[in-house]
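Let's have the full structure, built from the sequences with the hints guiding it.
Chains as they are written, first to last, in the numbering used here: chain U, 5 to 330; chain Y, 5 to 330; chain V, 3 to 322; chain R, 52 to 544.
Hints were generated in silico from the structure; no laboratory data involved.
No incorrect hints appear here.
Distance windows between CB atoms, simulated: (1) R:L122 - U:G256: 41 to 47 Å; (2) R:H389 - Y:G184: 38 to 44 Å; (3) R:R305 - Y:R129: 38 to 44 Å; (4) Y:I101 - U:A34: 39 to 45 Å; (5) U:A95 - Y:V94: 50 to 56 Å.
Positions of the beta carbon are idealized from the N, C-alpha and C atoms, including for glycine.
Listed below are the residues making up each chain.
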Amino acid sequence: MTAPAPRLKLARFRDLTLVPVIVLLLIVGAFLDPTFLTAGNLTNVLQQQAAISLLVLAEAMILIAGKFDLSLESTVGTAPAIAVMLVVPVAAGGFGIGLPGALVIPLALLIGAAIGAFNGFLIIRFQLSAFIVTLAMLIIVHGFLQGPTEGKTLFQLPDSILYLGSAMWLGLPAAIWIAGLLFAAGIFGLGYLRIGRALYAIGGNIDAARAAGIRVDRVLYGVFILGGTLAALAGILETGRLGAIGNNQGVGWIFMVFAAAVIGGVSMDGGKGTILGALTGVLVIGLVQNILTLIGVSGFWQPVIYGSIILIALMISRIAGGKAQD
Amino acid sequence: MTAPAPRLKLARFRDLTLVPVIVLLLIVGAFLDPTFLTAGNLTNVLQQQAAISLLVLAEAMILIAGKFDLSLESTVGTAPAIAVMLVVPVAAGGFGIGLPGALVIPLALLIGAAIGAFNGFLIIRFQLSAFIVTLAMLIIVHGFLQGPTEGKTLFQLPDSILYLGSAMWLGLPAAIWIAGLLFAAGIFGLGYLRIGRALYAIGGNIDAARAAGIRVDRVLYGVFILGGTLAALAGILETGRLGAIGNNQGVGWIFMVFAAAVIGGVSMDGGKGTILGALTGVLVIGLVQNILTLIGVSGFWQPVIYGSIILIALMISRIAGGKAQD
Amino acid sequence: SGTTAEGGGGGGKVGIDHPRADSDFWNSYIKYVPQMAGELKVDLMPATNSQNDVAKLVNNVQALVGQGAKVIVMAPQDTGAIANTLQQLENKKIPVVTVDTRPDKGKVYMVVRADNRAYGTKACEFLGEKLGGKGKVVQLQGALSSINGRDRSEAFLECMKAKFPGITVFSEPTEWEGSKAASMLQTRLEQNPDIKGIYMHAGGVHLAPTLQVLKQKGLLVAPDDPKHIFVISNDGIPQEFEAIRKGDIDATVSQPADLYAKYALFYAKAAAEGKTYKPGPTDHDSTIIQLPNGLEDQLPAPLVTKENVDDKALWGNQVK
Amino acid sequence: MSIHVEARNVVKRFGPTTALNGAEIAIAEGETHALVGRNGAGKSTLVSILTGLQRPDEGEVRFSGEAAPALADRDAWRQRVACVYQKSTIIPALTVAENLFLNRQSDQRATINWRRLRGRARELLDTYEVDVDAQALAGDLSVEQRQLVEIARALSFGARFIILDEPTARLDGPAIERLFTRMRSLREQGVTMMYISHHLDEVYEICQSVTVFRDARHVTTRPVADLPHDELVAAMTGEATAAYEAREHTPGERVVLAGAGLSLTGRYANIDISVREGEVVGLAGSASSGKVGLAETLVGLRRPDTGTVTVNGTQVRPGDVPAAMRAGLGFVPEDRHHEGFVPLLSVGENATFPIARKLGRYGLVSPARRRARAEQMIGALDIKTEGPDQPVGDLSGGNAQKVVFARALVDDPTVLVVINPTAGVDVKAKQALLGAVEDAVGRGAGAVVVSDELDDLRICDRVLVMFHGRVVKDVPRGWTDHELVAVMEGMEE
Ligand SMILES: Nc1ncnc2c1ncn2[C@@H]1O[C@H](COP(=O)(O)OP(=O)(O)OP(=O)(O)O)[C@@H](O)[C@H]1O
Ligand SMILES: Nc1ncnc2c1ncn2[C@@H]1O[C@H](COP(=O)(O)OP(=O)(O)OP(=O)(O)O)[C@@H](O)[C@H]1O
Ligand SMILES: [Mg+2]
Ligand SMILES: [Mg+2]
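Structure, rendered in structure tokens:
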């Protein structure tokens, strides 16, 4: 049989249907603004997308497993904020518990994980609709940022939480390294680990996965917890980049997260898509935003142009991919 | 065989799993505030929910047919706004085309229908993911409000567009009558009309629906167009209630629309749920909002309480309904 | 005046970011910017818009700097989360003028704003006097996560507590949404038909819904009618003036969109030319005060009532 | 002989339905044990209990005398039993190779070596002579290929007990033979098997003993040698049942269905076909012959590259099912789960979609008339259901097939096209369904029967045999099994 070779290539290409779009954007961008193709600007784009890309990574895994998590966007603000409030003094907006500052990152990750676990608990144990549970949780989790802070921004933060989002490693922002490494781990994990493949099986046919001996509930808990943790990490990076935790941190991201995942080929119906594809989705969104900023489109009409570009990317990826989307 | 009778009853109950929640809310509300159970206040609740309920009606039909429309919320503002701008003079923010004022309602409905048709076109013809198409359209359609108005509120509206949302018919706001009639039509249509049953068939198994001789594409176009039209009508009612068309009209509604539909038993996977169920979902959301306003919960913590009540309603409807949700 | 010209020469491109495109007030501001830039001969780059998202604002500023901006004008709606960016701009020796909000941390060349706390206090004093220090009032708040909304809200509540303890205040968080405002006001009036005053945080979104609810309840009556509810708004858009003339509402605080644009660019140009300023009164009816991280020019925000509503100097009377 | 697998006094209820009512089975070590019963007798329910997918409401399962493992301990179950379920457990978005080794992609090592996995998959597919590309997406396979993949997977576990729930319902003759060869060699190695099928001759061919279920209860267990065919059928149905006799038809002159110059790249080429009123035409052919593709073209499910289809004198727009139905066509699609029914909707609705327009005026559908019509169909086809309001998704496989049949027949079609009409249908039901086809033909309809099953083809006046996308022979009534199979295998042209 000689079929394998071309088929393999085809399968690879299917992840990369957005590559032509990215190339197109690079060319158009270079043409429209001389700053665009500079290393500095492209580094900025990557840095700006680092935090949201972690959400895309998390959401892609959750979608592949056939579930849904809208509450990730709220975790981006709430997890680091509560962690900070456990650490800083009352005068800086804290709870006055005064845990050691070094704990702030582990605390934030723990809070993210706990939110994910609670989502998992409601969805798996009570068999509630993931969409609506996490929609309610989106509201509740954000309330846990707004309530304790009374709407105020936290800006006296321990240094440890600022480090990751603002440090430079080997001449590149640390956030880019972190996101890059996690995406590499995601691509590897979902491609080459049994647990990663289990996500596809669960999303593709949950009964079949169960019959094949996959511990479906356990894997789903895992993916929700991992999702919450990644969202908390995204929050830490964002906090470091912005230097403070505003009440709106992360608010409104989730739509873009879904857009990136879906134009990157991840199916809303579960079982389909790759992490690499999702990454290309993030890049497309980041480049579009950057180009629109550089050319200074009128703010009033920006949404129209932006939405249209998403539609066009979608159609290109549909035509290049050759399959109906869902 | 005697089985049919009990099953029928069970099926009826399944639509009404939220009724205990509503009763509970009525009791709790009466207990918390003496104003709550007055005719005046309950009328207010209905009036406040009238516009959004039309979106829920539209979304429920689209979800039952197995599709998705996020852009409805943008149509709520854009359809009446563009219609108004076609009618009013430049000084009042119009395009200066100056069509007759009596046309403003038909125009708005037509614009809504056109948006729906365009969504349908992209989703059905190009087989794109409904979620992401309508997400892009949500952004684009809102851009078509923000762009031409340049972010300004339209204050000078023709009387005709204000009428429906502010008139009283037989002692009740016209909006309540309109929403009530449309819901009755929806319940009837989805229960007893061929085309209504076709929605369930398409949402339940699109290939089987096609093989059963249902003109699937035509029905789907119809439901998207009807959805857009209902969203435009919701916009007209809201415009009348508020007396102006702000740039935010409808923005952020879609989450509540989904919440209402899903706690009301409509499945995100298509083929399941009823219009009556969706209506109970709307009522739950409306009553919760009203009670929270009446008792004056701190704004900061309101989201937490609100989200928690949605979760609880969800669990009650899950337990009463007895089936896993999706 | 507090101005001391020093150095001079230089100049350079001014990058400007607009905070949002969906509110009447900011929309007016955005329209004034190019007009004022022309008058002041500022070399303005194409404006960016951060759509009320501080993360976008940071991205936009990075892009503007990448394109060669020598001065940045911005209006950060989140005054904390901009700290890092201000630090980076300081490192790059790029002066920053902020409009409307005062960053909590990070160096600014000049803050151009009217005092939002003063809006709340003015509204409180107006309503307090009209109601004779007793009764019930509603304040339609903006979003609680916005600094301006919070400032107005806190100042209004503090002033009520201090000066008019006999007045009960109901605070409704409307998230700057007309729909929420209408529902909450309607419900509150149902519950407390004896409400006598309303403070709206944003005329652009709250005015029409409020009037519509009052009209439906038959409460839109002349000020001398005992059923009259006193309404004070905030923003100073033309429609509010119209409502004041008609007697539908009683007052508004004019937030000077034109002056925001004018002095933002004025100071941007000055910064580019290397001028420096000191605290003290200015030549345009305002005072520059010292902040820990820079200076603030506190522009006047006049209270507009039936008496002065036709004043040509008000920006709301200049827009077409 | 010791008892390998035993279920005692098992009760399982689904809402108002009792699927198993004190049922029991005991399977001896090393034997191949048939489980037969009518559609809805509870066979598949027992399978899900024996494989630990569902917990019985009452009763217990024992393996080699030991109590069954906890439901959560899937690994323990998988060591004890492997299964080909009646419902597909293939994951369409994954490759064949991965489906074969689901959740055991990496042997020992932590990471998956895809190349090795493909190798293992090819080896496995070769062992079972399944001609499928290991790297193809399982969703792109034909129904039959999927079934072969499932069988290969179940057999590959090395479990000592294997359950096959209607594995042959979708296989053609040679594939069934290959499966049986494999089963015999497994039996020689001492593997115990439970075999479910509605083809009773298969039971005699491959099994040593047989258990009969009827109405959720155990009726009898006997060595197959002690239970002649008629008695077996009687045990299943609870009454004596004669074998089906094909009827005489008197074809008229009028052509009710015609396909002219039909071609579809990769499926079939240059087909001309015509069916007269009162005539039953069979379409036969082994795997990949193109018969299903052709039938799907005739009904409008597929659009041909060239050629025209004429139904009842009207030339129908290609690929337009509603138009074909309006012209008087009724059909049973190949895969009932895919195109046959809407699982959440009731039996009544599924059965009456094509005549919805006739059940009321002004676009209305009268529920009372729908129920009346549905009850009529339920009676005519003997569908085992709680009533017209039960969702089809809750029916047993064979009964769901009858609902699909009801849908095809409900509009009194002039042309009837049925693809694999009796797949998964019990003996008695098979007679009912074939009878229904012949009834329609008796009323003057023309019919096309597409099937691999010789029993189905016996009612045909002539059988068109296809091979590699072409009609190679038109065989008139009176063929012997051997002759027809030889043509289908392409051994005679
Ligand atoms: N999940 C379910 N929900 C409700 N009823 C069910 C369910 N599964 C099975 N049943 C019912 O249980 C009975 C037994 O079904 P089962 O699938 O075991 O029959 P079967 O003997 O395998 O039939 P077939 O030969 O048609 O496959 C049927 O009446 C069926 O309708
Ligand atoms: N979805 C598909 N896409 C591409 N090729 C297909 C598809 N389905 C079937 N084929 C191929 O088309 C050819 C004819 O298929 P068809 O299903 O018409 O034959 P068949 O006679 O029904 O075969 P079988 O008896 O195996 O069902 C075969 O080579 C088959 O592998
Ligand atoms: Mg079965
Ligand atoms: Mg086939």
